[in-house]
Amino acid sequence: MEGTQLNNKAANSYNAQVRRNIARIREAIELARDQDDLIRVINDVADHRGPLDYRDTWYRVLFGLSLSMVLSALLIFVWGSELWSWLDKSIYFYVFSLDLWYPAALLVTVGHLLEDRDIALPFPAVMWGRMLIWAAIGFVIPLNPNWFDFFWGTLIDSLASLLGTEDPVVGVLLLNLLPAVLMLFWLIKRSRWRAGLSDKIYLKDALLNNNLQSEAVYGKGMAGELSERFCEFRRGNEQQEIKALYKGHYEGSQYSFDYQLYTFHYVVKRKENRLGSGGRRTTQTVTIENNRYGILLQFPFARGICLSGDCDIKPAGEAYTGASNVFNRVFKVYALDPLAAARLLTPVLEEKLAMLGQHFLGPVVEIAIDGSLCVAVNKELLPVRRKFGLDRPEIFAKEIARHTELKELDLLLDTVHEMMRLSDNNFEGRSVGEKES
Amino acid sequence: MEMIIGIGILVVLVGTCIGLYNGIIGKHNAVDRAWASVLTQERQKNKIIPMVEQLVEQYKLHESEVLSRVTELRSAIAQMSEGVDTDKLAATERQTKQLLQGLQVTVEAYPELKASDTYLRVMAEISEQQEQVGAAIRIFNANVEDFNNAIEMFPGSMVNNMFAHKQKLKSFTDSEAQAGFEYKPNL
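Just so you know, the sequences run in chain order A and B.
The opening position of the first sequence corresponds to residue 1 in UniProt numbering, with each subsequent residue numbered one higher.
The opening position of the second sequence corresponds to residue 1 in UniProt numbering, with each subsequent residue numbered one higher.
None of these hints come from the bench; they were simulated from the model.
All residues carry an ideal CB built from backbone N, CA and C; glycine is no exception.
Restraint ranges, calculated between C-beta atoms of paired labels, are given here: (1) T16(B) - K398(A): 53 to 63 Å; (2) N43(A) - L120(B): 47 to 57 Å; (3) G19(B) - R234(A): 28 to 38 Å; (4) G279(A) - I7(B): 26 to 36 Å.
Covered by chain A, per the in silico footprint, the following chain B stretches (three or more residues, Cβ under 8 Å): (5) 26-34; (6) 124-132.
From the derived model, a few chain B residues whose C-beta atoms are all more than 10 Å from chain A: (7) L10; (8) C17; (9) S68; (10) D85; (11) G102; (12) Q104; (13) E108; (14) K166.
For reference, chain B alone in the conformation it holds in the complex (with noise of 0.2 Å):
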């Protein structure tokens, strides 16, 4: 009887471990998914790059910065490799905020522009992508939450230490926006 009780509790031990095992893979799994969500997403950048050009060149925008900012962009989307890399993500958002700004500050001096229905649809484009990545940055950085938790909370660590040896992630923070304020959490 002690026997049948003693490989029931090892039964349940062994469960509980491959479970714990397999949940903090999956959820390992789950934020390099959403890493890529954030990539795919960072690309479609690419889609509107050409119309950004199409309209320098119809309405002779070669003296802004804008053409710059759009050679800048496309660098920094193409160096975003496929491992997680919040700084080279952060980078290309600055540089698509600051492609957005200068294109806000040409377009004043061109009304025929800032009234083209291409450039309606390309600022339309540009809002929805941005939307998309800032989505697509909550989406991983609470998948990098949930893998945290589970590398960290008991018994997960356990498993995690003992089996897994899987690192906690960082998750991406904006340091532009977190410079504008004095107060810094003490985590």
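So that you can see chain A by itself, here it is in the shape it has in the complex (with noise of 0.2 Å):
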């Protein structure tokens, strides 16, 4: 976790106090092993003793000259010589001063980075020093008498023709603008942390308090695996993979059970014809990516039915229609054995799943060949929904200390736990998972 130090006295600049107190917080987030551990974290934010918000006035200034250097661009570019005389020459000057100052410029950054990771030149001791070092060797690259051709040249003429120009202005837009969004959106992430690690805890919480541990993903070669059993997982052309997964045990009044808790992602590529400007039809390529959430389980009492919510699924099987209107409205049912889907569709049962259509969209409950069930939908069922955050520890550890209710994902628990109840045989012996009454 700690950086290499070239220089232990000097190598303690207050970014660098402000990384380790973070990654410290960090790392008790996820060693916290209930939800005291969790407030006990939020308690040290409140009371910390060190540092723990970035300085960067100078990433800042940066971004305001990479600012400014692309303003300055843009407008010799568009008005040129139609710039008053006196205005036109002073941004000419300060446009086509860049190869002095921008090494000096790019190096003292480097210096901040090296330092935020406690690497430190040797000397001096005070940070300013440093900076100064480096910025007087950033000074004394334009003195090569190369670097003028290097840099007008060779770099901002490459860059002004990767727009098929050979304008140098263009090319000092182009060096300014990639660095000043990349640098805009690094500060608002570096300043909001604790948005970031609030969200940490809120999702830790809700884990401890729903008995559920994150389990290790293998993303792609899940997502395979699990199309070859549900169709549920056979959507999107382009890319499939599970990006969440979490272990959990129900306790139901009658039966107890393990279950998977999953995010799927998948992403569909598709061509579509528009009309562009002047009536011209063009094609474009069109990428969207979705998820879909839901839990796995065994499920020992019926194989190979689908109830499909979503049209974008082709389960196979023969089609059955339940008795109820309401549950027909939500869900086509598919079953290799129309009698097994018959049998498991009671009244009751139909009841609950249609309620699943009330609370969710593109609701899938399939059990497949071997078993196993997968009931899917489009909502979030582990959703950070928090009120409050670490910017306010007091009000978010009363929030953490409340049990954080996972109830879309109890709706679809409670569901299953039906089908089971209402699937078994009273009279026959018990199965595994069925509590003694």
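Make one complex out of these two single chains by using the hints.
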């Protein structure tokens, strides 16, 4: 976790301390074993002695310089000689002096980034002194007689040629645009680290409250294996992967069972004809990213049945119609043996399953031939719905102290429990997972 | 041109009429199907009758009224016909309630029976079956409502009067439960 230290005395910059402190908080969240541990982490943040907010003055200056350079280049590119002569000269001077100060700005940034990671020049002891050395090295570079030709002739020209022009102003614009945009997002992300860790705490609390444990994800491979068993996973033509996987245990009044909670990510790529300017038809490739959420478990009471509330999948088997109009509006039923569907879909179960249609879009209940069950929906089952965060630790601790209910997940699990309860035989021997009365 | 527009309108009208007619027939069949589901669930009670009789034999409950209740329930189930008859359904439900009450009263005098695994399983099965019958009746009533809406609401009412000629169906009501309320909706 600790960075390489060239000089132990010097390598203790303010931002490096902040970075270490945040890393410790993150580690404490990951190691938390119960809700009390999480509340302790939040309270530690509230009473933290060391610094927790980055000082990013230099990065902001650099962002300002890059942005001003982008705007100046745009002014010259769009208006050129139409600008007032004094403004024209100033901007031209500013833009075309870039080769003189750019290396110094770049090296000071590198110096700051290294200091943030505990890597510092061995002297002098104060940080601004070390930054002066970086800047001095940067100002020496333009003294090289080949520098001017390299900067304008090679670097800026190459960048300009990317847009098919030889105008150096375009090269300057590109050279500054990308760092400015990246710097902006990076600075925003850095200043909002509390939001990210608050989400992490909330999620961890939800996992602990609901007996869920994170499992190793073997994304594309697992999605491929599941698509062999369930048509629910035969979606998308570009990419399919399991993005998140958790292990859980459900304790019902009559049955208890283990299950896996997953997030399935898939990408659909298709060509669309669009009417462009001048009435010309153009073909564009559209990429749509989708997520499906669901649970997987063993269901020993039926097999080869798919209840599909989503027209995007094509289940195998014969169509079966339930007795309830409400149920039939939510699900289309396909079964390898329609009698098995008739036995499973009792009136109570039709009512319970129809309820899924009121809470979720595109619900799919699929029992594979091997007796494994998948219940999938479009709604996130492990959502982060926190009201407060580490920026208000006292109230956030109270929020975390409460039980985090996963209502959507509970509804799915209760429905599966009802499926088990209503599918078993009260006069036959007990099956695995059934509780003693 | 006018002719094409006229034919277009005619095609749309005929298509709408066919769609509405098929909708009415489909909803009528759904009511029929839901009623069949109610009957199936009621007949499932035949499964538990031998178990109750076994309990009567095993624990010598001959002096109690359980046996007569079993006979009455069996007869009520046998009388339920294929056609929609909510009165016979109500009678069967009444007999089931009476058998349950009779069983509960009787087992108070037989603590050994009350604790027996067979009794607990029979009670669990009866309770599950009653739950299924309740759901089947709710589904039947919801389908009846769907059908009645289809034949009474415009333009379905027009298509029904012209082609389908279906009558409004009565949903199932529990007259015994209704008698407990002073309030009567003025429907």
